[in-house]
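S.K.: With these hints in hand, go ahead and build the complete structure from the sequences.
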Amino acid sequence: MYLRQLEILIERETIMQSNISAVSNSVDELRQQSNTNRLDISDLNTKVTSLQTEQEETIPKNKEIALKNEYLLQFVKTDKYQINKDIEEWKIKDNKFVPTRASAHASDQLNKTSFVILTGSPGMGKTFLARHIALDVKSEEFTDEHLEWYLDRLMNDWSEGKVTVVITNPNMNDELFRNQFLSKLHKLEKNQQVKLANTQDTFEIKKKCGTSGSYPIISACFEGYIDIVRWLLDNAVDVNQCRDDGNTSLFMACYNGHKDIVSLLLKKNHSVNMCNEKGVTPLFIACERGYTEIGEA
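Take the UniProt record's numbering: the last position of the sequence shown gets the number 297, and nothing is skipped along the way.
Derived by calculation from the structure, the hints in this document are not laboratory data.
Don't take every hint at face value.
Said to hold, decoys possible - Computed beta-carbon distance windows for the label pairs: (1) K190 - G290: 36 to 46 Å; (2) G246 - G295: 13 to 23 Å; (3) F177 - P122: 34 to 44 Å; (4) N269 - G224: 17 to 27 Å.
What the hints assert, rightly or not - Derived lysine-lysine pairs resembling DSSO-like cross-links, with alpha carbons at most 27 Å apart: (5) K162 - K85; (6) K126 - K162; (7) K195 - K162; (8) K85 - K96; (9) K184 - K268; (10) K187 - K268; (11) K190 - K267; (12) K278 - K259; (13) K85 - K126; (14) K162 - K268; (15) K187 - K162; (16) K93 - K126; (17) K195 - K268.
Backbone N, C-alpha and C define an ideal beta-carbon position, used for all residues, glycine too.
M.R.: Following this line, the structure appears as C-alpha coordinates:
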(Lines of atoms letter the chains of each structure in order from A; the text may use other names.)
(Lines give C-alpha, C1' and ligand atoms only; values in the text may rest on other atoms or scores of the structure.)
Protein backbone atom coordinates (compact mmCIF):
# COMPACT_ATOMS: atom_id res chain seq x y z
CA MET A 1 0.00 0.00 0.00
CA TYR A 2 2.84 2.36 0.84
CA LEU A 3 4.42 1.61 -2.54
CA ARG A 4 1.22 2.56 -4.31
CA GLN A 5 1.02 5.84 -2.39
CA LEU A 6 4.65 6.51 -3.28
CA GLU A 7 3.90 5.92 -6.97
CA ILE A 8 0.94 8.31 -6.78
CA LEU A 9 3.15 10.97 -5.18
CA ILE A 10 5.78 10.53 -7.90
CA GLU A 11 3.11 10.85 -10.60
CA ARG A 12 1.76 14.03 -8.98
CA GLU A 13 5.28 15.48 -8.75
CA THR A 14 5.85 14.74 -12.45
CA ILE A 15 2.58 16.41 -13.40
CA MET A 16 3.43 19.42 -11.21
CA GLN A 17 6.88 19.76 -12.81
CA SER A 18 5.27 19.59 -16.25
CA ASN A 19 2.78 22.30 -15.24
CA ILE A 20 5.58 24.45 -13.82
CA SER A 21 7.52 24.07 -17.09
CA ALA A 22 4.44 25.05 -19.11
CA VAL A 23 3.84 28.08 -16.90
CA SER A 24 7.50 29.05 -17.23
CA ASN A 25 7.26 28.86 -21.02
CA SER A 26 4.12 30.97 -20.96
CA VAL A 27 5.86 33.54 -18.80
CA ASP A 28 8.76 33.67 -21.27
CA GLU A 29 6.35 34.15 -24.18
CA LEU A 30 4.58 36.95 -22.31
CA ARG A 31 7.90 38.62 -21.63
CA GLN A 32 8.85 38.40 -25.30
CA GLN A 33 5.49 39.84 -26.35
CA SER A 34 5.91 42.59 -23.80
CA ASN A 35 9.34 43.48 -25.16
CA THR A 36 8.00 43.40 -28.73
CA ASN A 37 5.10 45.66 -27.75
CA ARG A 38 7.52 48.00 -26.09
CA LEU A 39 9.57 48.11 -29.29
CA ASP A 40 6.42 48.67 -31.35
CA ILE A 41 5.32 51.44 -29.02
CA SER A 42 8.81 52.91 -29.17
CA ASP A 43 8.76 52.82 -33.01
CA LEU A 44 5.28 54.29 -33.01
CA ASN A 45 6.37 57.12 -30.74
CA THR A 46 9.34 57.78 -33.02
CA LYS A 47 7.07 57.94 -36.09
CA VAL A 48 4.60 60.23 -34.29
CA THR A 49 7.44 62.54 -33.26
CA SER A 50 8.77 62.56 -36.82
CA LEU A 51 5.34 63.40 -38.24
CA GLN A 52 4.86 66.17 -35.70
CA THR A 53 8.26 67.63 -36.61
CA GLU A 54 7.47 67.36 -40.31
CA GLN A 55 4.10 69.00 -39.78
CA GLU A 56 5.68 71.83 -37.80
CA GLU A 57 8.14 72.41 -40.65
CA THR A 58 5.56 72.04 -43.44
CA ILE A 59 2.85 74.35 -42.11
CA PRO A 60 5.07 77.47 -42.12
CA LYS A 61 6.32 76.55 -45.61
CA ASN A 62 2.77 76.17 -46.89
CA LYS A 63 1.86 79.51 -45.36
CA GLU A 64 4.92 81.06 -46.99
CA ILE A 65 4.00 79.58 -50.38
CA ALA A 66 0.40 80.77 -49.99
CA LEU A 67 1.61 84.27 -49.16
CA LYS A 68 3.95 84.26 -52.17
CA ASN A 69 1.16 83.08 -54.47
CA GLU A 70 -1.15 85.75 -53.11
CA TYR A 71 1.57 88.34 -53.65
CA LEU A 72 2.16 87.16 -57.21
CA LEU A 73 -1.56 87.21 -57.92
CA GLN A 74 -1.83 90.76 -56.64
CA PHE A 75 1.28 91.68 -58.65
CA VAL A 76 -0.25 90.24 -61.85
CA LYS A 77 -3.53 92.04 -61.22
CA THR A 78 -1.70 95.30 -60.52
CA ASP A 79 0.56 94.83 -63.55
CA LYS A 80 -2.42 94.09 -65.82
CA TYR A 81 -4.26 97.11 -64.44
CA GLN A 82 -1.19 99.29 -65.07
CA ILE A 83 -0.88 97.99 -68.66
CA ASN A 84 -4.53 98.75 -69.38
CA LYS A 85 -4.11 102.16 -67.81
CA ASP A 86 -1.06 102.86 -69.97
CA ILE A 87 -2.92 101.79 -73.12
CA GLU A 88 -5.80 104.14 -72.33
CA GLU A 89 -3.31 106.98 -71.89
CA TRP A 90 -1.71 106.05 -75.24
CA LYS A 91 -5.11 106.26 -76.91
CA ILE A 92 -5.70 109.76 -75.55
CA LYS A 93 -2.28 110.96 -76.74
CA ASP A 94 -2.70 109.14 -80.08
CA ASN A 95 -5.56 111.48 -80.96
CA LYS A 96 -2.90 114.09 -81.60
CA PHE A 97 -0.87 111.82 -83.89
CA VAL A 98 -0.17 113.23 -87.35
CA PRO A 99 0.68 110.62 -90.05
CA THR A 100 3.97 111.17 -91.86
CA ARG A 101 5.93 109.41 -94.59
CA ALA A 102 8.05 107.83 -91.85
CA SER A 103 5.01 106.37 -90.10
CA ALA A 104 3.58 105.10 -93.38
CA HIS A 105 6.90 103.45 -94.26
CA ALA A 106 7.17 101.84 -90.79
CA SER A 107 3.62 100.42 -91.04
CA ASP A 108 4.27 99.12 -94.54
CA GLN A 109 7.52 97.48 -93.44
CA LEU A 110 5.76 95.87 -90.49
CA ASN A 111 3.13 94.37 -92.77
CA LYS A 112 5.79 92.93 -95.05
CA THR A 113 8.21 91.45 -92.52
CA SER A 114 6.24 91.38 -89.22
CA PHE A 115 8.88 93.51 -87.49
CA VAL A 116 10.35 96.97 -87.80
CA ILE A 117 13.31 98.75 -86.17
CA LEU A 118 12.90 102.44 -85.37
CA THR A 119 16.07 104.51 -85.18
CA GLY A 120 16.70 108.22 -84.80
CA SER A 121 18.00 110.94 -82.54
CA PRO A 122 16.39 111.59 -79.15
CA GLY A 123 13.25 113.69 -79.40
CA MET A 124 12.37 112.52 -82.93
CA GLY A 125 9.15 110.84 -81.72
CA LYS A 126 10.19 107.15 -81.94
CA THR A 127 8.21 106.20 -78.84
CA PHE A 128 5.14 108.12 -80.05
CA LEU A 129 5.32 106.36 -83.43
CA ALA A 130 5.88 102.92 -81.85
CA ARG A 131 2.83 103.37 -79.62
CA HIS A 132 0.71 104.49 -82.57
CA ILE A 133 1.68 101.40 -84.58
CA ALA A 134 1.07 99.15 -81.54
CA LEU A 135 -2.46 100.56 -81.14
CA ASP A 136 -3.13 100.01 -84.84
CA VAL A 137 -2.01 96.39 -84.62
CA LYS A 138 -4.03 95.83 -81.43
CA SER A 139 -7.18 97.13 -83.09
CA GLU A 140 -6.88 94.69 -86.02
CA GLU A 141 -8.74 91.41 -85.71
CA PHE A 142 -6.71 88.31 -86.55
CA THR A 143 -8.40 86.70 -89.56
CA ASP A 144 -7.90 83.63 -91.74
CA GLU A 145 -6.21 85.93 -94.20
CA HIS A 146 -3.61 86.85 -91.60
CA LEU A 147 -3.06 83.17 -90.83
CA GLU A 148 -2.55 82.33 -94.49
CA TRP A 149 -0.08 85.17 -94.81
CA TYR A 150 1.81 83.95 -91.73
CA LEU A 151 1.93 80.35 -92.95
CA ASP A 152 3.15 81.51 -96.36
CA ARG A 153 5.89 83.49 -94.67
CA LEU A 154 7.02 80.44 -92.65
CA MET A 155 7.14 78.31 -95.78
CA ASN A 156 9.11 81.00 -97.59
CA ASP A 157 11.60 81.20 -94.69
CA TRP A 158 11.92 77.40 -94.80
CA SER A 159 12.64 77.43 -98.54
CA GLU A 160 15.33 80.08 -97.98
CA GLY A 161 17.20 77.83 -95.54
CA LYS A 162 15.83 79.10 -92.22
CA VAL A 163 14.81 75.54 -91.34
CA THR A 164 15.54 75.55 -87.61
CA VAL A 165 13.90 78.96 -87.18
CA VAL A 166 10.66 77.64 -88.67
CA ILE A 167 10.53 74.27 -86.88
CA THR A 168 11.34 75.85 -83.50
CA ASN A 169 8.81 78.67 -83.97
CA PRO A 170 6.88 78.93 -80.66
CA ASN A 171 3.57 78.59 -82.51
CA MET A 172 4.56 75.05 -83.49
CA ASN A 173 3.97 74.01 -79.89
CA ASP A 174 0.26 74.34 -80.65
CA GLU A 175 -0.96 71.12 -82.27
CA LEU A 176 -3.79 72.97 -84.03
CA PHE A 177 -1.32 75.39 -85.59
CA ARG A 178 0.92 72.50 -86.70
CA ASN A 179 -2.07 70.82 -88.32
CA GLN A 180 -2.82 74.00 -90.25
CA PHE A 181 0.81 74.27 -91.28
CA LEU A 182 0.91 70.62 -92.39
CA SER A 183 -2.33 71.09 -94.30
CA LYS A 184 -0.61 73.93 -96.16
CA LEU A 185 2.37 71.69 -96.92
CA HIS A 186 0.16 68.86 -98.21
CA LYS A 187 -1.34 71.24 -100.77
CA LEU A 188 2.03 71.75 -102.45
CA GLU A 189 3.09 69.79 -105.49
CA LYS A 190 4.88 66.57 -104.55
CA ASN A 191 8.22 67.74 -105.92
CA GLN A 192 7.93 70.93 -103.84
CA GLN A 193 7.19 68.89 -100.72
CA VAL A 194 10.22 66.68 -101.30
CA LYS A 195 12.42 69.73 -101.87
CA LEU A 196 11.29 71.41 -98.65
CA ALA A 197 11.60 68.19 -96.66
CA ASN A 198 15.24 67.88 -97.72
CA THR A 199 16.23 71.55 -97.39
CA GLN A 200 19.37 72.04 -95.34
CA ASP A 201 19.59 74.89 -92.83
CA THR A 202 21.83 77.66 -94.19
CA PHE A 203 21.00 80.37 -91.67
CA GLU A 204 24.46 81.73 -90.86
CA ILE A 205 23.71 82.85 -87.29
CA LYS A 206 23.00 79.27 -86.28
CA LYS A 207 26.63 78.33 -86.85
CA LYS A 208 27.52 80.17 -83.67
CA CYS A 209 25.29 77.79 -81.72
CA GLY A 210 26.92 74.64 -83.10
CA THR A 211 23.77 73.62 -84.97
CA SER A 212 24.78 74.54 -88.50
CA GLY A 213 23.87 72.30 -91.40
CA SER A 214 20.72 70.96 -89.77
CA TYR A 215 17.76 69.41 -91.59
CA PRO A 216 14.00 69.61 -90.92
CA ILE A 217 13.82 66.06 -89.57
CA ILE A 218 16.58 66.74 -87.04
CA SER A 219 14.82 69.82 -85.65
CA ALA A 220 11.41 68.10 -85.65
CA CYS A 221 12.82 65.10 -83.76
CA PHE A 222 14.43 67.40 -81.20
CA GLU A 223 11.15 69.23 -80.60
CA GLY A 224 9.12 66.00 -80.50
CA TYR A 225 6.76 66.84 -83.39
CA ILE A 226 5.98 63.32 -84.56
CA ASP A 227 3.31 64.60 -86.98
CA ILE A 228 5.90 66.68 -88.84
CA VAL A 229 8.36 63.76 -88.70
CA ARG A 230 5.78 61.50 -90.41
CA TRP A 231 5.25 64.09 -93.16
CA LEU A 232 9.00 64.37 -93.69
CA LEU A 233 9.46 60.59 -93.89
CA ASP A 234 6.71 60.46 -96.52
CA ASN A 235 8.74 62.83 -98.66
CA ALA A 236 11.91 60.88 -99.42
CA VAL A 237 13.91 62.08 -96.42
CA ASP A 238 17.05 60.14 -95.53
CA VAL A 239 16.69 59.31 -91.81
CA ASN A 240 20.48 59.29 -91.44
CA GLN A 241 20.86 62.98 -92.35
CA CYS A 242 23.17 64.71 -89.87
CA ARG A 243 24.21 68.22 -88.88
CA ASP A 244 27.75 69.56 -89.18
CA ASP A 245 28.43 68.30 -85.64
CA GLY A 246 27.33 64.78 -86.59
CA ASN A 247 24.06 64.75 -84.65
CA THR A 248 21.26 62.87 -86.41
CA SER A 249 17.49 62.79 -86.03
CA LEU A 250 17.76 59.66 -83.85
CA PHE A 251 20.33 61.35 -81.64
CA MET A 252 18.07 64.38 -81.10
CA ALA A 253 15.01 62.22 -80.40
CA CYS A 254 17.03 60.22 -77.85
CA TYR A 255 18.41 63.43 -76.34
CA ASN A 256 14.92 64.59 -75.37
CA GLY A 257 13.42 61.15 -74.69
CA HIS A 258 10.90 61.07 -77.55
CA LYS A 259 10.39 57.30 -77.51
CA ASP A 260 7.62 57.21 -80.14
CA ILE A 261 9.81 59.06 -82.62
CA VAL A 262 12.74 56.77 -81.83
CA SER A 263 10.58 53.73 -82.66
CA LEU A 264 9.44 55.37 -85.89
CA LEU A 265 13.00 56.14 -86.99
CA LEU A 266 14.21 52.64 -86.21
CA LYS A 267 11.42 51.20 -88.37
CA LYS A 268 12.85 53.34 -91.17
CA ASN A 269 16.24 51.64 -90.65
CA HIS A 270 18.05 54.51 -88.95
CA SER A 271 21.57 53.43 -88.03
CA VAL A 272 21.82 53.00 -84.25
CA ASN A 273 25.61 53.06 -84.23
CA MET A 274 26.18 56.46 -85.87
CA CYS A 275 28.31 58.67 -83.63
CA ASN A 276 28.53 62.45 -83.63
CA GLU A 277 31.86 64.25 -83.90
CA LYS A 278 32.44 63.62 -80.17
CA GLY A 279 31.96 59.88 -80.59
CA VAL A 280 28.62 59.78 -78.75
CA THR A 281 25.90 57.39 -79.92
CA PRO A 282 22.13 57.99 -79.64
CA LEU A 283 21.71 55.16 -77.11
CA PHE A 284 24.49 56.54 -74.95
CA ILE A 285 22.97 60.03 -74.81
CA ALA A 286 19.54 58.57 -74.00
CA CYS A 287 20.92 56.58 -71.05
CA GLU A 288 23.07 59.49 -69.89
CA ARG A 289 19.99 61.73 -69.73
CA GLY A 290 17.93 59.12 -67.88
CA TYR A 291 15.78 57.82 -70.75
CA THR A 292 16.64 54.15 -70.18
CA GLU A 293 13.33 53.04 -71.70
CA ILE A 294 14.68 54.20 -75.07
CA GLY A 295 16.84 51.08 -75.11
CA GLU A 296 13.68 48.99 -75.38
CA ALA A 297 12.40 50.87 -78.45
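S.K.: Does each hint hold? Answer for all of them.
M.R.: Results of checking the hints against the structure:
no.	hint	verdict
1	K190 - G290: 36 to 46 Å	41 Å, holds
2	G246 - G295: 13 to 23 Å	21 Å, holds
3	F177 - P122: 34 to 44 Å	40 Å, holds
4	N269 - G224: 17 to 27 Å	21 Å, holds
5	K162 - K85	39 Å, violated
6	K126 - K162	30 Å, violated
7	K195 - K162	14 Å, holds
8	K85 - K96	18 Å, holds
9	K184 - K268	25 Å, holds
10	K187 - K268	25 Å, holds
11	K190 - K267	23 Å, holds
12	K278 - K259	23 Å, holds
13	K85 - K126	21 Å, holds
14	K162 - K268	26 Å, holds
15	K187 - K162	21 Å, holds
16	K93 - K126	14 Å, holds
17	K195 - K268	20 Å, holds
In the structure shown, a violation is registered for the earlier hints numbered 5, 6, in ascending order.
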